[in-house]
Amino acid sequence: MSAPARPPGGRAPSHGEDVAPAQDIEPPVLAVAGLTCTWDGVHGCRDIDFDLHAGEVLCVVGESGSGKSTLLQALSWQHPPQSGTVHYASREDGVVDLAALPQVRLRRLARTEWGFMRQNPRDGLRMQISAGANIAERLMAVGQRHYGELRRSAAHWLQRMEMDAARLDDTPASFSGGMQQRLQIARNLVTHPRLVFMDEPTASLDVSVQARLLDLMRGLVDDLGLAAIVVTHDLAVARLLAQRTLVMRGGRVVEAGLTDQILDDPQHPYTQLLVSSILQG
Amino acid sequence: MTVPRAANLPSPPNATGSQTTMAITQSLSPAASRPGDEHYNFAYLDESTKRMLRRALLKAVAIPGYQVPFGSREMPLPYGWGTGGIQVTSSVIGPEDVLKVIDQGSDDTTNAVNIRRFFARVAGVRTTEATGEATIIQTRHRIPETPLREGQILVFQVPIPEPLRWLEPRETETRTMHALSEYGGMHVSLYEDIAHQGCIATSYDYPVVVNGRYLMRPSPIPKFDNPKLDGSPALMLFGAGREKRVYAVPPYTSVRSLDFEDYPFSIEPQGHACDQCGSTTSFLDEIIMDDRGTRRFVCSDTEYCARRCAEQVGRRA
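Just so you know, the protein sequences line up as chains Z and E, in that order. Heads up: the first sequence at position 210 corresponds to 316 in this note's numbering, and the numbers run straight through without jumps. Heads up: the second sequence at position 19 corresponds to 56 in this note's numbering, and the numbers run straight through without jumps.
Looking at chain E on its own, in the form it has when it is part of the complex:
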């Protein structure tokens, strides 16, 4: 497949908002006056690397769920901390973008804070914690509770992009299996779950089929978040730095979780409400309070929880 030059591209298929195209074209010309650190090129990576990444991303958007190899660079971050994610973010971010970074739903963990500060410094972009305000959200292991909208880009950090890896260690073979849609073996792991646990016990990184064609790992998000992938209005980009792969789910693309006819995909009810905001519909973290077994359940999405709490206080006042 030939990918046209990134500079004179029409907007990618399905991307209704112009945000994607804007992000791609804007950062091609480094802004002359910007508040970021002048010792770095805009968004840290050099322009040719970003261009290479954008070409890979455009290909990924054109073939939903297909893993596109790219020349992953060494980043100022250890592998496993989101090197793929920050390379993707760095190649799509523009000076006008507003960035939010979450780690397991939280805005204030070391990983999230550092990546946010990194881009504030090297790109001079505005950062936020509010999901609604952000145009780019880099995430590790969660999709925000607040529904995403058109024009937003969700960037996932992916540790292992290949869903067939556990089944087949050879890369040549897994590629052939993708090419020929030989995905039957994937059900073996689900079969094993049911045989041993009585239900599909896979609770995160739950394999999905994108656009009825490619099998994809949604990165280690809880399966609670899988339905949010399906037909999402936002563009979802996945970057694996160590494995040197990017893939994408364009807006409004079908994403189906694997299951059996008699054991359909389902999300177990959590059986608790958030202790802080009382939400029964968000994904909850269990926090052990002491060594006598006291535990609390709170929303994993800290921004969502804080906003709900503030609203409740406002209503009471």
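One chain only, chain Z, in its complex shape:
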């Protein structure tokens, strides 16, 4: 495992003589320990441990059926895991154990401090309503009731996503795939989340659009200090976005560490296979 096991939620390491003062060390945004989540007792993911800090991007790579998406659903508590703990450092209440959180708080977290991006933007957007309303929906959900301000925020985020503000009143159905995906990002980021879950965000896009989107995402992660967990089967995405990478196979993490380390010096046979199968141009 990349990070040494640490008591989740502890503000500082228990015994450290040469560590920085405690106020500089923030608890990890997400601390996962011994997480097991299966659909039928067999398929899913098992014994996952990792810490994710603010501003850090973690890529989860692996073949289809290796439990990547299950992991994402377990972490975001859409499908609560069978065992293991997930501690999240929330803005309001500090470190909380997701299992102990009442449903109201979980749903609030999912709407405010978390974002969830889906592979198919049609699953993450409301296709019949305008782009502006799609972006502003979360703001309305947390209680903003001023139309002018909602519209300004929506226009701001649309422009930030490199789209023309004149398209604010068009429905996402009239947008291209790449624009829909960017709209989905805007819709999620409008409440300034701390943690974003992305499930194959670039998989359905062509290469040039992928590159633009990745560029944009990298910029956003830097600017906003987001922590992100990106599930992908594309090692290039991991290389571009992620500081750290988990390689999964058969529901377990087979290798974890710094992305560059994993891609340049893969240890596990499966990772070696993955890295060697990248197309060389």
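No lab work stands behind these hints: they were computed from the structure. Glycine included, each C-beta is placed from N, C-alpha and C at the ideal position. A portion of the hints provided could be inaccurate.
The following label-pair restraints were derived from C-beta to C-beta distances [what the hints assert, rightly or not]:
(1) Gln-265/Z / Gly-108/E: 49 to 57 Å
(2) Ala-309/Z / Arg-110/E: 47 to 55 Å
(3) Asp-329/Z / Gly-330/E: 41 to 49 Å
(4) Ala-206/Z / Ser-291/E: 32 to 40 Å
(5) His-298/Z / Pro-206/E: 26 to 34 Å
Given chain Z's structure and the hints, the job is docking chain E onto it.
Chain E alone, transformed into the frame defined by chain Z:
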């Protein structure tokens, strides 16, 4: 929540008039001699069904705006014609009640006439067209212009009770949203209206928040009528037969229409007066007279209009 047995209930909260309680207790004992059709139980439904409905209604009154499920029965009326409304009416009506039925404000449409005749037959109650005389008013799509008073019951026919349905098709999810007061998404439809039309164009079935808590569909009444819901002295009961839900607004309960801070709820002026009675304050129907575009505006509330016309004739005479 446990609901006490209907028979020995204290009067429901906020119901100052004893009419509600009277209606509930009276019809428990079927009147021995009454002018209605003897082949039917009083008010058509059997006593246990009425009791089940009353329990649901009491719960609905106790939690304003909350949709209470009930076992909707098949009625001698197609769905969409007021099966929910007549079940509610049938469970609260007593032999002493006076019933008025309106459909889009009118006393003389097929729907209104038939439901009125139905209750005259199966309950033997007196019927009326005068809003002031009625103790129970069953209505489709309107609230009468004549202000309601304490002790009156307004029964609405509701096609779709769930205000969040367009936003979320799953019933389990909408219930959770109600439980957690997650109503932010409702503003999305208002946002869309303003973005496309420049104003909130929703003109009927305009969503409201009851008692500062539950989001409610007021049934397809024009938004013109929404202010009449707020703090009304009459008890308002809503019945959806197909969807098997009842809900209620007790007397003197706050009912607030959803809006934005910079686009407050408002009713557009109609810009016309009634062609018959000259009223400028009532809700008007537009009637197209010929195929050259001639049109007239008349009150949608026929009883209100007729009474005003009669008064004017009386004054002239």
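Take the C-beta atom of Ala-206/Z and the C-beta atom of Ser-291/E, compute their distance, and say whether it sits inside 32 to 40 Å.
holds, 36 Å
Honestly, do His-298/Z and Pro-206/E meet the 26 to 34 Å range at C-beta?
holds, 30 Å
With respect to the beta-carbon atoms only, verify the hint that Ala-309/Z and Arg-110/E lie 47 to 55 Å apart.
holds, 52 Å
Does the beta carbon distance between Gln-265/Z and Gly-108/E stay inside 49 to 57 Å, or does it fall outside?
Between Gln-265/Z and Gly-108/E, where Cβ atoms are some 54 Å apart, the hint holds.
Return holds or violated for the Cβ distance of Asp-329/Z and Gly-330/E against the range 41 to 49 Å.
At 59 Å between Cβs, range violated.
Hint violations for this structure: number 3 only, all remaining hints satisfied.
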